[in-house]
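Protein chains: 2
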Amino acid sequence: MPATPCHVVIVGGGFAGLWATRALAAAPVRVTLLDRGNHHLFQPLLYQVATAGLSAPDIAAPLRHILRRQRNATVLMETVAAIDTRARRVLCTNGRGVDYDFLVLASGATHAYFGHDDWADHAPGLKTLDDALHIRRRILSAFERAEAEHDPAARRAWLTFAIVGGGPTGVELAGTLVEIARHTLAREFRRIDPGAARVLLLEAGPRVLASFPEALSAHARAQLQRLGVEVRTGQPVQAIDADGVCVGADRIPARTVLWAAGVAASPLARTLGVPLDRAGRVPVQPDLSVAGAPEIFVAGDLASVQRPDGRPVPGVAPAAKQMGRQVAAAIRARLAGKPAPRFRYRDFGNLATIGRMAAVVHLGRLRLTGALAWWFWLTAHIYFLIGFRNRLSVMLSWTWAYWSYQRAARIILGDAAADQPRSTRQA
Amino acid sequence: MPATPCHVVIVGGGFAGLWATRALAAAPVRVTLLDRGNHHLFQPLLYQVATAGLSAPDIAAPLRHILRRQRNATVLMETVAAIDTRARRVLCTNGRGVDYDFLVLASGATHAYFGHDDWADHAPGLKTLDDALHIRRRILSAFERAEAEHDPAARRAWLTFAIVGGGPTGVELAGTLVEIARHTLAREFRRIDPGAARVLLLEAGPRVLASFPEALSAHARAQLQRLGVEVRTGQPVQAIDADGVCVGADRIPARTVLWAAGVAASPLARTLGVPLDRAGRVPVQPDLSVAGAPEIFVAGDLASVQRPDGRPVPGVAPAAKQMGRQVAAAIRARLAGKPAPRFRYRDFGNLATIGRMAAVVHLGRLRLTGALAWWFWLTAHIYFLIGFRNRLSVMLSWTWAYWSYQRAARIILGDAAADQPRSTRQA
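Chains A and B, in that order, are what the protein sequence lines are. Numbering (full-length UniProt numbering) for the first sequence: 1 to 427. Numbering (full-length UniProt numbering) for the second sequence: 1 to 427.
Careful, some of the hints might be misleading.
[To be verified] Between beta-carbon pairs, the in silico distance windows are:
hint, chain 1, residue 1, chain 2, residue 2, range
1, B, R367, A, R191, 50 to 56 Å
2, B, P286, A, D151, 56 to 62 Å
3, A, H150, B, R191, 57 to 63 Å
Just so you know, these hints were derived from the structure itself, not from any lab. Here the structure is a predicted model, which is why all the values come from computation and not from measurement. Just so you know, even glycine gets a beta-carbon here, dropped at the ideal spot from N, CA and C.
Model the full structure from these sequences, guided by the hints.
Take a look at the structure:
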């Protein structure tokens, strides 16, 4: 072992990066965790910030506060621009460099528009807290603009919400949006009936929640329809612009289109100089290191990993945490001169919430729907949320929301006028 | 009375505008409340959002939710550009117009840089929730940048915070900043000692909290110094740029300068076409109407009103609420063919908080300092906060903060890189 301890640099403070950092607490290493923000984000509840149910600080905690007692870990707020694999150095956008002995790349994924980058302006995606506040502003402003609008067709377009993508995020957004329209905003407007809002969930594939068994997908679809969501499957979106969305042969005028369809790996992967998979992720060795660069590990959504049966490891929080811990174990093994363990994904199941008292749960042979699934989802999310204070605050918000049908964070932040697409800014 | 009820248009959903709207609930009028945002803001606690103690939604509530049961009130989210007093029409920035029979102008004040508009980029002020999130980002990022910085002088500048203006907002910001540096962030950094941060409070006049009796000002100053704030009075700030502030003969390198010094009336006042006072406010008649335009009232920070002894009515929440109710009473009297009552300001006293267990209270002959004043301040602010859920959430945050020394909302939102002044963006 060298005189100065081995330096592990971890890029990204999400589930993979943070769990890797924590699992190195007792290892004979110095750890530097780099993240462009100052916080760890509990992404499974991000849609609740987007739909005004929770405040941004409820689902995030400062990384350096989480790691305050881990003396071998230093947290730096830096945006990483590239990896210089030859010099073993991480290059930051401000020109600084950080040298590493081991690198853990866990910079995650961002939303992808499948070659339609012009859709990004019209259909925001949901990956960061800033994305969530942007979507919240768009949703709340749409009802405000409908109230101020005199032309019936224009008003109708403000009251039409199209969500592209029928995965868990799309289902959660759609279910919550109808609840906001039918319950939260009821009786608060004088000129419009917010309950008449149209919420569409557009999925290109044959069914929603494709990662669940077919029976649960069918159940989720029925639940969404019962709540008032129009579900369309089997038709890809053809076009998105400031005024609406084209799907199949139909053009749907909608001033609010939300993107929950695709993700792509962080562009940092490209700077590694190794072949990537179709989604831009890094194919890794059984111990999650990179072929030809054993000192570099990739964890979380950025890693392309298969299960023994050939199915990919899904991009969910439990998988990212497991990969983070695996990478730490591999580094510890290498330092001890032992062979690194192989990564084995333990599938703890799959949860998705649909709306009030409606969720689907798939845990091995256990399949739950309805109220029981919803309580299960609720308890699991409170349990896994980091920070005692956040748990209390989220429980308070949820209890209050349940009884009042109100949302705790119905506040428009940022410049709402700036969101209006240029073509329509002048009335 | 006309067949269609008389239309009262109220511009601004702050304390004056909201209290005017509510006081017209039983009047034979239609009320339209216009605000550029969707929420009423509890401004007295805005500094707590700026210093990461509370979330933005904790101190704000949607205007249309507050007014949901007032059937004669319509809320519209519109930005007002000008008043056409001849046509009796409010002109919005989107080209729409709203005709009025009575107009209540309550668009408040914004921060003013006394002719130094270039200071605005370097020394943000605190009036809106977006301002508060911007200041929160600046404060939290400064400690992050100090930790990443290797040059001792540059690090020192990141750890120096200068607050310009020794009124209640400046005192609250300074007192909270030292608490954050000494307690909240203690033991969370590896390279810097956040407790070594320097917090300066710069006041051009002879004493801090000039609206309080001299003995309480002196007490507040002593308290601030005991907490660790460097208080400088009697020296106006000469210059502010990206790297620091000049005060008296000194240049103080400081990467974070906050502006709590001056306010100016909303520029809407200028479109009324009447003479304004030096701060841009509208001198009003005894019933708060505008001379020569009896159908226009001005309330809140936008109105220039003197007390019988010649002292101005202060720009505080209780005064704004009283003016709002006065304007509603005047409109009701006019509609009933009676003379409008004269406005009389009832001074309920003056509170300012300094830090943990330290505040000053001045209520007539009653003067409190220390822990008792602090409990009084705390109780009053919880009591006046709108919304049961907000009260609970704020109490939870405060109780937790008191025991843990932690701040509930230590989350950087928005693009921190964009805040860095251009001259220094490249290291």
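Consistency of the hints with the structure:
Distance hint check for B/R367 and A/R191: the Cβ-Cβ separation is about 51 Å, which falls inside the suggested range of 50 to 56 Å. Distance hint check: the CB atoms of B/P286 and A/D151 are about 44 Å apart, inconsistent with the given range 56 to 62 Å. Hint check: A/H150 to B/R191, Cβ distance near 59 Å, so the stated range 57 to 63 Å holds.
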